[in-house]
Amino acid sequence: MPQAVAIQPALNVRRPGWRGWGLFAPMVAWLALFVVAPTAILLVYSFFTGEGIGEVDTHFTLENYRRIFKPVYLDLFWRSIVYAGATTILCAMIGYPVAWYIGRAPASRRGKLLMLVMIPFMTSFLIRTYAWFTILHEHGLLNGFLESAHLIPTVFSHPLNILYTPTAVMIALVYTYLPFMILPIYTSVEKLDPSLIEAAADLGAGPTRSFFRVILPLTWPGAAAGILMVFVPAIAMFAVTKIMSGGHIRLIGDEIQEQFEGGGDLPFGSALGMALLILFLVTYWISAGRSAKVLRGT
Amino acid sequence: MAHPLPSGNSLARLFLPAWTIAVLVFLYLPIILLVVYSFNNVPNNMDLSAHWHGFTLRWYRAMWADRLLMQSVRNTLIIASAVTVVSIVLGTGAAWLMHRFVFPAAGGLQTLILLPMIIPEIIMGVSLMLLFRAIGLNRGYLTVIIAHVTFCFPFVMAAVQARLAGIDPSLEEAALDLGATPIRAFFSVIVPYLMPAIVAGGLLTFTLSIDEFMVTYFTYDARSMTLPILIYSEARTGLKLTLNAVSTLFIAGTVILVLAMELLRSRR
Amino acid sequence: MKLFHIVLIVTMVLSLAGCNRSSQKQQQRLHLFAWSEYVPQEVIDGFTKQTGIPVDYEVYDSNEKMLTKLLSSPAHYDLIQPSEYMVEHLIKRGLLEPIDQSAIPNVSNLLPEYRNPEYDPGMKYSVPYMAGTVGIVFNSDKIKDPIRGYQDVFQPKYAGRIIALDDNREIVSWALDAKGIDINDVTPANLTKVKPLLADWLKLVKIFNSDDPKPQLFSGDVDLGVVYCGDAAKLIEQDKKFKYVLPAEGAHRFIDNLCIPKDAPDKQAAEAFINYILRPEVSKIISDKFPYTNPNGAARKLLTPQQLANPASYPPESVHLEIFHDIGKANADISQLMTELRNGR
Chain A
170 MPQAVAIQPA LNVRRPGWRG WGLFAPMVAW LALFVVAPTA ILLVYSFFTG EGIGEVDTHF
230 TLENYRRIFK PVYLDLFWRS IVYAGATTIL CAMIGYPVAW YIGRAPASRR GKLLMLVMIP
290 FMTSFLIRTY AWFTILHEHG LLNGFLESAH LIPTVFSHPL NILYTPTAVM IALVYTYLPF
350 MILPIYTSVE KLDPSLIEAA ADLGAGPTRS FFRVILPLTW PGAAAGILMV FVPAIAMFAV
410 TKIMSGGHIR LIGDEIQEQF EGGGDLPFGS ALGMALLILF LVTYWISAGR SAKVLRGT
Chain B
1281 MAHPLPSGNS LARLFLPAWT IAVLVFLYLP IILLVVYSFN NVPNNMDLSA HWHGFTLRWY
1341 RAMWADRLLM QSVRNTLIIA SAVTVVSIVL GTGAAWLMHR FVFPAAGGLQ TLILLPMIIP
1401 EIIMGVSLML LFRAIGLNRG YLTVIIAHVT FCFPFVMAAV QARLAGIDPS LEEAALDLGA
1461 TPIRAFFSVI VPYLMPAIVA GGLLTFTLSI DEFMVTYFTY DARSMTLPIL IYSEARTGLK
1521 LTLNAVSTLF IAGTVILVLA MELLRSRR
Chain C
3 MKLFHIVLIV TMVLSLAGCN RSSQKQQQRL HLFAWSEYVP QEVIDGFTKQ TGIPVDYEVY
63 DSNEKMLTKL LSSPAHYDLI QPSEYMVEHL IKRGLLEPID QSAIPNVSNL LPEYRNPEYD
123 PGMKYSVPYM AGTVGIVFNS DKIKDPIRGY QDVFQPKYAG RIIALDDNRE IVSWALDAKG
183 IDINDVTPAN LTKVKPLLAD WLKLVKIFNS DDPKPQLFSG DVDLGVVYCG DAAKLIEQDK
243 KFKYVLPAEG AHRFIDNLCI PKDAPDKQAA EAFINYILRP EVSKIISDKF PYTNPNGAAR
303 KLLTPQQLAN PASYPPESVH LEIFHDIGKA NADISQLMTE LRNGR
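Residue numbers (the numbering used here), protein chains in the order written: chain A, 170 to 467; chain B, 1281 to 1548; chain C, 3 to 347.
Isolated chain A (complex conformation) (with noise of 0.2 Å):
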């Protein structure tokens, strides 16, 4: 969580000299070139026309930003929020509960613990996206299991059919970004004085209040942290929607993707990476700003 570290003024900090700067400038080097050179070349090339797959015209137009508000590429944006944001969500109502729990676990269990919820995320996630396959395929375990329970003719009438549905989209999705919740979530309930909700119990709040009053405060720059790790990569995610959907749901990472390849209208690819930029940076305006208030508060 970038703003998570702050820089502390030890005793010996000083102005850097000439030498100081020289040490200073391979990293400076490597960041005006690898992270300002390229977003500022994104800019200028939103800016250009495409012309037929692959080719660029250098002349100034406004006409990608334009295009990006026709309602087919509103609707892709408002579509890819949707998705992130409800992963968001239930990445949140089904982590909370086991950083609290891992969280409040006797000290020596904790890292047993949270590495039991890491081990899973070394292998490549879209191996495991594909693990999926085995379970909801039409002939996959889960109807195999439902019709050795009984329960396909009798509850359901016949195979559930979730590969290639929005359901599975959303499974995989929670499935790739869990961990993303939990950890940022875990560090703040680690941090937790346990004196305060005692406290909150003894001056008779409720389990709920005491959680919606006290625990959710002090637990919110974690959330906030996880909800930007989370919603961030979601809704630029391209590879799993496609996989999971079998490639009718596009998102906006997809459909930067087509363009950049398939499209090869490059402009306007760049016209879409620059409007994520800006949907990235008002999210992480947002989230960021939330919990720096949370914490002035407290």
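A portion of the hints provided could be inaccurate.
In silico lysine to any residue, SDA-like type, Cα no more than 20 Å apart, as pairs [said to hold, decoys possible]:
(1) K331(C) - I237(A)
(2) K239(A) - P198(C)
(3) K144(C) - E224(A)
(4) K94(C) - I237(A)
(5) K239(A) - K94(C)
(6) K360(A) - A1442(B)
(7) K331(C) - G221(A)
(8) K126(C) - N108(C)
(9) K144(C) - P328(A)
(10) K331(C) - E224(A)
No wet-lab data here; the hints were simulated from the structure. Remember, predicted model here, so these are calculated numbers, not experimental data.
Knowing the structure of chain A, use the given hints to seat chains B and C on it.
For chains B and C alone, kept in the frame of chain A given last:
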């Protein structure tokens, strides 16, 4: 020592572990299936159904024989190693310099460094692709490594900064007083102190690089193809249980590494 | 911190090993950029064994993706595999290197009808690799009603049972055919005409897949669809319950070619590869693995009667087949139309 939960929470006491176990099942089920099916003797690679056709090791044998697959595994390890080394140097250096010096733009620089950690990967991917295209750098190992380092070294920096925040300033002063040059003081006193953070950052970098897909997608070429890219293009064309076999080995490697670290820690 | 040292040493050894390898091999390499599921690994290995030239094989799943990537990596690829309309487009933009036919004596193995294609008269820039059709495949155990054309496939009763190529231009051309419009007449007016039909059709499709629709059809995820003939032929080889039909409204034929892009680093290697795959016994391997229509007459003689009788690979001559032409900027209109229509609900 367990902290007592708020009173009247016997429900929570049952609910929380049960919920955690359920979530762990959710997290592990696909992984376990992945491992189990790497031993499945499926006769036809068009068969996507979950039938069990008997135990076999042939996917592991086929895996060794698959030149493309082995090349991508080697690429993945080479790239991740190079990225880790460069990121450690850049990240540790950056953290130390930011700690050591104050200057007006420090905050801005800090944000700029950390931005690639959270910026949507696809934006990094396409913008780097445009950059490489503009400066005429052909796709290959170098472009992939550059792209990975750009979003990995901030992780090392953040880890090292967290440790630097707790450093005792007299540590370096003591080293300097003993007559060491600042550079020697840095390597003989500061680096050992920072080592746990450097290792943590390095390991994180390594795992991030191994699993990176989206940025790599826009910067690789045929020779520098990594495992995630191969998985993406191969798994779309039917069942490839050799991919399960490779992944199983990766999981086993991770588990062994984790256990080894745990063992190392408990010994100390 | 012993662990750290171990990690560091392993890292350095690995990265050094990698560097050495790349610096040593400044020799010839062939950079092949071709369709996925189209060039058998045996053929690539055979070529390397024969000539000593290692091959870097990179894949794509649409002509447009190939072009975009070709343009973003200038002077990188030695050999590409565009379809006929893309060859036309590449010639028009001056992106191809002329092919020296004297370096490719095996061209004489090609059947006469493939040696003077309309998109590249005299084969100056291209050599046919494989040809084929886009048609309908269906599982006759599940589909009992007659299937003759696109209109029979895209019916509400088959909703969620259909697979289609994930290629915007292809899909649009089916609708154009169904409306009786020339598939190369892609104008905004014609796109508006087919839009409602496409909207209805796309709702019925369960899976879009250009790489390989075989597993989903074979495993019964879907029962029918519009696919490349090579995939259909492979399914028919596996199980006779699969049938292949060329759509009555008008079917589309494609010819994929090997071409050398402008400024290819190693033209000789590229020509050697073209010559190699035109050998009858090599071309036969390709047909065995990917049963498209083989333009190589000498290779066809080596195929089994069953292979030649496969209706997907070698359809009856009677059906009228059209080919795609370069449509230039209309690609962007197609892209936008399809983005609009392919909104998952």
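Taking the earlier hints as the rules, which of them does this structure contradict? 3, 4 and 5
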